[in-house]
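Visitor: Given next are the chains, with one letter for each unit.
2 protein chains.
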Amino acid sequence: MDKNNLRHLPHKTIERLSQYRRALLLCHANGKTHIFSHEIAKIQHITAVQVRRDIMLIGYTGTLRKGYNVEELIVLIGKILDTEEGLNVAVVGVGNLGRAITNYFRGKRTKLSIVAAFDKNPDKIGKKYSGVECFDIADLKSLIKQKDISIGIITVTPESAAEACKALVEGGIKGILNYTPKPVNVPPHVYLEEYDMITSLEKVAFFVKTH
Amino acid sequence: MDKNNLRHLPHKTIERLSQYRRALLLCHANGKTHIFSHEIAKIQHITAVQVRRDIMLIGYTGTLRKGYNVEELIVLIGKILDTEEGLNVAVVGVGNLGRAITNYFRGKRTKLSIVAAFDKNPDKIGKKYSGVECFDIADLKSLIKQKDISIGIITVTPESAAEACKALVEGGIKGILNYTPKPVNVPPHVYLEEYDMITSLEKVAFFVKTH
DNA sequence: TTTGCCATGTTAAATCTTTAACAGTGAATT
DNA sequence: AATTCACTGTTAAAGATTTAACATGGCAAA
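Residue numbers (my numbering), protein chains in the order written: chain A, 1 to 211; chain B, 1 to 211.
Simulated from the structure, these hints should not be mistaken for laboratory data.
Please read all numbers here as calculations on a predicted model, not as lab measurements.
A hint or two may mislead.
A pair holds if it fits inside one copy or across any two, identical chains being indistinguishable in the list.
In silico lysine-lysine, DSS-like type, Cα no more than 30 Å apart, as pairs [unchecked claim]:
1) K79 - K182
2) K209 - K128
3) K128 - K66
4) K145 - K209
5) K12 - K124
6) K32 - K79
7) K42 - K147
8) K108 - K120
9) K141 - K42
10) K32 - K145
11) K120 - K66
12) K32 - K124
13) K120 - K12
14) K182 - K209
Take the sequences, apply the hints, and build the full model.
Guide: Listed below in structure tokens is the structure:
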């Protein structure tokens, strides 16, 4: 594996690696020691070539006739995706979506941990949600530094999205995942990923319509 | 606009059209009658060329120096994305995520309506969530037909995803949006879109790490 | 031992998507 | 009336991603 190339892994490959790992962890839990590219492919609904190509890109090489060593591959993907010390994450907006995400992470062994939730509703501040304490969104900026938070997930209402984003950026956040349908602005040094559920649903509707 | 070409609109263009429309509706509400490609671009964080190209693909043409007519464009995008009668949607799994989605749709004027929610928890069955009644997931198959549901959104736990998907398919669903981290299998006549929040978060983490 | 098979690893082609380049055009300006 | 300017519409190039094609290699069976 050439360290230099890891920087240039395609976005899509990164996404798939995350998914491969999850599938592999399941296999590992079931006692499977080796896996073929076409088995991974089947689970993920993609082609075996694509799996092999992704694995090639990260510089791993399987054994002929036995496929890939599950454990080794899990470790290697971890080296690529994770940081050694892990990263701290904050959820901004403790509505249903924020709680869904927080709850999903409960007990997951992962290098990403949600260490704080934020909301402006006084009823929520001070409470714990799935083990994560909710703080006043007014304290967001200072707590990012204090708790060494690198990533913020925005799950507030669309109207508050810009404000939440601003606070995150000013607090020195490094990456933002915005689940609001309202696009937000970040300076170039902050990595931004946006996802819009309504758009996805409308996309499904379009293809249902035209099929 | 050539009807034949609409079938071949790129996936990415479809997604952006949905987003343009939402931005345009906001502008319309603010009394704006015309808009330039670069204005739309700014809102969506993309380039003006891309906006113009998308609009070209759907066969609309703006006026020089004044840009696009907001209202006309909204109507045209509607003709492309929506069906005349609208489509019915079901949410399968009334956890936090299911409720987040259901709630988000409350009162939205749209051609997509969530007409039923499903869960297996007896405490939830019979209750209403954001105005949507929750039914027993055991009745999913029959209710799809009865309520003419075209699209199913899967928000159950990963363990129940396959089962929920199977019921949807057997009920004759036409499109599925799977928010479970567990990929599901559908026959070729069912349109499937999957989104995995964990993957997105891990992707952000990766780019935070490498930047 | 030889043959066939079924894997991986890799390069090349095809496809999809974005970006660049630029022609055309009408209002405003002089 | 001519000129400038700021837009749109469109084609061509570049870039990203997926898919195809095939070389290679080792195990199993004849």
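Visitor: Can you list which hints this structure breaks, lowest number first?
Guide: 3, 5, 7, 10, 11, 12, 13
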